[in-house]
Structures are given as C-alpha cells and as structure tokens.
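Residue numbers (the numbering used here), protein chains in the order written: chain A, 7 to 432; chain B, 1360 to 1731; chain C, 54 to 137.
In case anyone wonders, no lab produced these hints; they're calculated from the structure. One thing to keep in mind: the hints can contain errors.
Unchecked claim - Beta-carbon label-pair distances, calculated as ranges: (1) A:Gly152 with C:Ala57: 14 to 24 Å; (2) A:Ala282 with B:Pro1631: 50 to 60 Å; (3) B:Pro1437 with A:Ala191: 30 to 40 Å; (4) B:Pro1437 with C:Asp66: 57 to 67 Å.
To be verified - Okay, the calculated bits of chain A under chain B, using three or more residues with CB under 8 Å as the criterion: (5) 376-386; (6) 407-415; (7) 418-425.
From the three backbone atoms N, C-alpha and C, an ideal C-beta is built for every residue, glycine too.
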Amino acid sequence: MPERAAQVLKAHVAVVGAGPAGIAAAVSAAECGSSVVVIDAAPRAGGQIWRHRARGELGRTARTWLARLDASPATFIAGATIVDCAPGLQLTAEGDGGAFVIEAAAVVIASGAYERFLPFPGWTTPGVLGVGGIQALLKSGASMAGRRVVLAGSGPLLLPVAAALTRAGARVVMVAEQAPVRRVARFAAGLWSTPARLLQAAAYRGAFLGSPYRCGTWVARVEVEGGALAVSLTDGVRSRIERCDLLGVGYGLVPSTELPKIAGCMIGDSGVLVGAGQETTVAGVYCAGEPTGIAGAESAIRQGTRAGRSAAGERVASGGPQDGAFADRLARAFALRDELRSLPEPETIVCRCEDVRYAELRAGRTIRQQKLETRAGMGPCQGRLCGPAIRYLFGGGADRVQVPAFPASVDTLIAAGAASVPQGES
Amino acid sequence: MAGRPDAIVVGAGIVGAACARELAHAGLAVTLVDAGFVGGGATSAGMGHVVLMDDSEAQLALTAYSRSLLDELSPALPRGVERDRCGTVWVAEDEVQLEGARAKQSLYAARGLESELLDATALRRLEPELRPGLAGGLCVPGDSVVYPPALARWLADDAVANGATLQEQVTVESVDGSGVTTSGGCLQANIVVNAAGAQAPALTPGLPIVPRRGHLAITDRYPGFCRHQVVELGYLASAHRMDDASVAFNIQPRGTGQLLIGSSRELVGWDPAINRAVLARMLARATGFMPRLAGLSVLRSWIGFRPTTPDKLPLVGQWPELPGLWIAAGHEGLGITTALGTARLLADLMLGRRPSIDPAPYDPARVSAAVG
Amino acid sequence: MSPAPAVTIRVNDAELRVTAGVTLAVALHDAGRTVLRRSASDEPRGPLCGMGICFECRVTIDGVPHRRACVVVVADGMDVRLDA
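Throw the hints in and build the complete structure from the sequences for me.
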C-alpha cells in the first residue's frame, strides 16, 4: 500500500499554541521579519485565559493582542492539534481536514497548562467539573442562570470564575480555598507591588460579595441527594454540607510539558528549563508561558515576546526575574495541604480513563511501574489527569511521554512519518 | 537474607521469572535479581502473543511445548494476566502464501496441533475488517494472548510463595564461578542463570545476542474490531531477515477493546527514539490489510528490544565456558511464548530430569568458542 | 438583540435545537444532559476539564466514537450517541 505523505508547510518559526504566550511569540517573530505559523487546537485564538465567543467579552489587553495577531503577517491555523515534534523540528498537526506537517527553523512551544485534579470520594460524579472546566463552559456560551454552584480547590482561578458565574446569573453557594487565610492574605498583600493584579483581584471579589469565600476549607466528599450534589466541606475541624447543581474543584495548574518532553527538552522542578531568550536545551526549540512554570498571563506575554524574538534570530539580552518571583509566591501561597492526601478511600477512582482505584496503587513504585501494573495513565488522557495526582499521593517521579503527544489517528501517523526526514542514520 | 541460595537468576523478565519459579518448585533456594522491576524490560514492551511458530522444527517444538504449559497453568492465573485464548489467524495475500498455509496446516496436523485452513470467504467471516481480495489463511485456535508484565509478576510472586527471594532495583555487575557481584554486594551460589535478555552479553561476554528493535502502537477502545490475533503469513519472512528495517502486519485485540498494532524489526543498537518513518511504514502495512484502521485513534507508541541470536533459537542450558553458569536468553520475539518451556527445560537439565523435548537445538554450546 | 441562530442535532435519536456555533459540550449542558458516557467500569461520567484534556466528555458523533464534546462545534444534522 502506498504511504500517503502529508502536506508539508514550511516556516521560519512555528508557534504551538495561540494563548497569550503564543500570540506574543508569533507577533514578535513576525515583526522581526520571520515567516511565522501559529497553530491552536481551538477554533479561535486566545488560549484558555482569553477563550471567547466574541471579542467584546474580553479585556483590553486581550483585545489588543488579538488585533495585533490579526494585523500581523503570521499565519494562524485554528482547529489543529500538534501531536508530535520529531527530530529535525518537524511538527505533526492533526486537524479536521487531516494531517499536515510543519517544518520550521525554530519552534516556540506555548502549550499552556491544564488543571490539577486530586481524587476524593465522589469526584467522578457527573456535575463535578474542574474550576477551569466550568469557566471554559461559561466562556463557550453555556447557560448558568439559576444554577447553584460550589467552587473549591486552590489558586487565583477561583476568584474570576466565581465573579463570572455571578454575572451570568448563577448562585455561587460558596468558594472554598484550601490554603490557610494567612497565606492567601500575605499573597494578596504582595500584590501591592503589581497594582493591576491587586485591582483585578478586588474587582473579582467585589463581583461575588454575596457569596462566602472561605480559606482553609476543602471538599472531602460528594454524594448525590435528591437530584442535587451534596458537597461535604471541611476545615479539618468542622464539616458542613452544601447542596448545589455543579461543583467546580481544581487544585491549580500543571504546566503542559508533553510536547517539550517529546522534543527532548530538559525539565526542571517547575517546568521546561529555558535561558534568557526562552531557549530550551534542544537547539531551535523555545518555550514560553506556563510550560516553563505557572506564572500567569502577563508573564506569558513577556516570555512569548522574548521567545518570538530569539526564535527569529534576534539576541534577547535579559530574562525576566519577576516572572520567577511571582511564580514562587504563587506556588508558596497555594501549596497543597497534607490533609488532601488522605481524602481518597480504597474504592476512590484515581485514573478516570481506566478506572484504577486508590487501593490498587502503592507508594515506592515509579510512575511507569504503577502504570504497567495497574493501567493508571494508559487511557486517552495519557496520564495528564492521574499523573499529577499519583505523583502528589504516592511520589514516583515523572513518567516518560510517548508519541503521539495527543491521541492521533493511524492515518495521521502514517502521513507524518511518510513525510518525515530520515532518522537514526548517523 | 535467608542464607546462601542454591541458584541466582539474573533478570526478572518473563523468562527469568519463569526460571525462578521452576527452580523454586523443584525445591531449590532461589534468588531472583533485577536491575529494575519484574517484567519492566522487553517483557513490558512485547505484544503478549502466545503462538505456534515454525521457522524451524526446534522452534515449533518449543513453542508448542510452552503453549501446552500455559494451558496447564491457565486455571491458576489471576484476571490481571488477561489470558484470552483468542487464537491466531494467519493471512495469505495470494496463492503462493496460501500454499504456505496448507504446508503449515499439514505440519501442525502431523504434530497433533489443531489448525484450520481458511478460504477467502471463511477468512472474511472470521475477520470482517480484512480487506477483500485476500486469498485465505489459517486459523490456529489454540494460540492465546496475555498481558506480559502481569504474567511475569505472577510467575515471580509464585516463585516467592515457594521460597524464592526477589531483589528488585539491584544491578548485577558481574558473574563468576562462585556467584555474582551486585550493586548491593556479593551474592554466592553454585548456580547462576543469566536470563538478562538482550543485556545477557554484558554479563557473559561471547554470547551472540543483539538487540533487535521493534515498534508497537496501541489504539483507543474499539471492541469487536477484530477477534483473533491476525498476522500476515509474510511475518515469518520478516522475522527471519536480518537486513534493513522490515515491517509485517500483526494486530492483537486486547481485553479492553484496544488494538495493539505491530510489527517492525531493526538492527540499530539500543537507540531509544521512535523512528517515525518505520512507525508509519508499520501502520501503513496494517491499514493495507485492515483499511478501516486508518481512522482509529492511537494513544501511544513505544519500542522494545528483542534479544536475537544468529539462528533465531534461544540459548537454554549450561554455558561451557564457566562452570555453574547457565543461560536462558536470546528468545527474540518469542520470549512471552516460550518462557514456560524454557524454564521447564532448564530445570530438567539442571536437575537431571528427562526433558519432554530434545534440548540439543537450544544448547548454548552451539555458539560457544570453547566448543565450536 | 435578535435570538441566536439555531441548528438541529440528534441526540440518541431525539431532535435537539441548539445555539449555532457552540461546542457540543455547551449544547448538551444547556439541554440538561450531564451524563455523556459510561466509564471502563460502567460508571456514569460527564465533562470535567472543558478544554480537551481529560477525555471524559467522549461521545460518538456521526458514527465516530471517542470524539470530545468540548472541542467539537455543533453542526446541523449532527448525529450524537451518548452512552448514558
């Protein structure tokens, strides 16, 4: 059977992801005169944080950058997922129209982050979503009017989602932050150094003043009672039950490092290791935004700008120490409490793809051994959900990442491989 | 540590685990040592096909014997081993290959092994996703599928239940006449079994075993897409060649409804990187037989290293160059299939019992400079 | 404001009018369908991450299994099977 080679796009710079970091990288590289292709899985540019249906829903910074992308000669390709970064800087993309390959002199990976989930009894019940999951539904146009919602977990995302739900007519029953109030207060006080962030936080809190925001409180269990969710919340001493239609619970963000790992980039404690120009340890591969460490949109824009310039061949003199400092403050303020480790019961599902239960997993095994012996992480999410949870609960280091970076059709892998440069002939 | 063992088995892949179990059942004090964890090497990369193969008379004898030992063991195996007696369907693309299937069938019949010749219609009735226009094939109903790391773990656990000691995360650095030196110190025994697979030559210089790399891909769940392990009859030719990268169509339905797609063979040393071009050729070969595979979703691909000998037969028996050293290695792509037969044969030879099959073709002496 | 344009999809053989241009996950959420599939051990499941990562919102669309409702935009005549 003849192998159907994929169409090959060539560009000086290929940018993976069109969130704040990717948009900034694409615009900056194009301003330097490079030919640029920027690819995102979503139908519109913006990434998770600037996800929208109409630009009018967005703030000024987001609108400005989206307009700059529109005006830029960079080519934006929507609705295509990058599933591989092969040697020779060859990206495999899978879109509705099939597979194509992008060959670039430089690749900027701006793949963002995804939510961290920790298992607790009942967390697989329909109606229990991520905080980011509820936000994504809302931004995609879902109706929340009249819905009773509990938000829980940890991190700054709780505030804007509570505010947006309130504006959309939902009744936010409670917002529960697991971090103790003194750490959250210290973090908020530290925002004086970045007044825009403080004002934003205050505005979000102002938008759901009618709802309690409790620190040092977390979800211990969820049950279904009379068609509603009964959420058990605790501060370690006292417990209470709140009834709601939707529970959003997420424990901060995990850098999306699958593609950098496949490309061979070295990973540090907080994410992909980069230098002053956002260069990774692999020649020609740059990384910007959350994959280098969770530090938010402003930092992502700065990193994307630097990455775009250096990918275009410009020298970028200095990095941004403020990014690392903010990321550290964020990580310290919202560090996960030990009590969360004791929430799962033996029957609690940890790997939702393969339904691997807590009792099947053990401490003292590597993640790869857990996977081989229990199937945890062998499903279509490829361990993005259970991997961080198992590392938090049991340790075991990081798993290797296998091709493809996202599930891809047999046809895509055939077409990409047929178009690939020869490998291993040294 | 419970005293000095009688035998040390180096390597807790499926072959080493099976050997430890046989020796423990025979009453020997056994220590099973692995640098990683049980079944974490080539065992975890393999397909888990327990299959009759007849590249040579000796290969058929060992695969048939091993298959019957798995049948005996089957009632004792836990569900996690995922043993499924799904059978193999060998596919003939043309009349020449169908002639080969007929020869296979008469050979199997002569050995009392069940198989059924399929014409084109019967073939598509058994596996409707095969493309039209194939000549026919052969169904071998007694073949089965297992989940290899779980079988290896069960064999090791059963060895331990019979008195063996298991040491994981312990690297054996050298072997001499009195035992082994490990990352955790010296361990003495009269008998050492080198079951380190493709790494066996690192401990026993002179063993002609090389890593032969293979790619596999696994899909999401598509229950009922195929029912047997389906392999092209050209597979044997691919397995026999030792030249450039070769691919052959080989697909396996897992108990989850997932499909495991193989196979490729390359001699590129220990290169751990997926070769996208070879992976693509392997998948294209598969879609040539089952066109609708093209639209299915692949979750992962990986590579493994088959321990390959020049004559494609494993080395099972005493190593003439070092008294007390025994070899159970070099199983190429048949380690999962022949682990049980290898272990029984090894124990029979070691204990002076009469083996059920002729051990001569597997005798490591055939590749020893000391003898040859 | 004029009402948003709508399209008709079929969900387990029942017709459903939904807002044009939204993701299938949004359309199903607004229609009150919280259970989209059965898990490997036959538990009911619905959307979780909303951004294409978790694969919990897998449904069969026009005969193709394992499509993520949160990344697929509704289209007129789309045939959706929920394993619920």
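- Query: Does the Cβ-Cβ separation between glycine 152 of chain A and alanine 57 of chain C fall within 14 to 24 Å?
  - Reply: holds (19 Å)
- Query: Are at least 3 residues of the segment 407-415 of chain A within less than 8 Å of chain B when you compare beta carbons?
  - Reply: holds (count 6)
- Item | Pairwise beta carbon distance, proline 1437 of chain B to alanine 191 of chain A, judged against the given window 30 to 40 Å | Distance hint for proline 1437 of chain B, alanine 191 of chain A is violated at roughly 53 Å.
- Query: Is 50 to 60 Å a correct range for the gap between the Cβ atoms of alanine 282 of chain A and proline 1631 of chain B?
  - Reply: At 31 Å between Cβs, range violated.
- Message: When I compare C-beta atoms, does the segment 376-386 of chain A have three or more residues closer than 8 Å to chain B?
- Response: n = 5 at 8 Å, threshold three: holds.
- Message: Please check whether proline 1437 of chain B and aspartate 66 of chain C have a Cβ separation lying inside 57 to 67 Å.
- Response: Check failed, 41 Å falls outside 57 to 67 Å.
- Check of the segment 418-425 of chain A against chain B for coverage (Cβ-Cβ below 8 Å, three residues minimum): Coverage by chain B holds for the segment 418-425 of chain A (6 residues, Cβ < 8 Å).
This entry does not satisfy hints 2, 3 and 4, going by the numbered hints stated previously.
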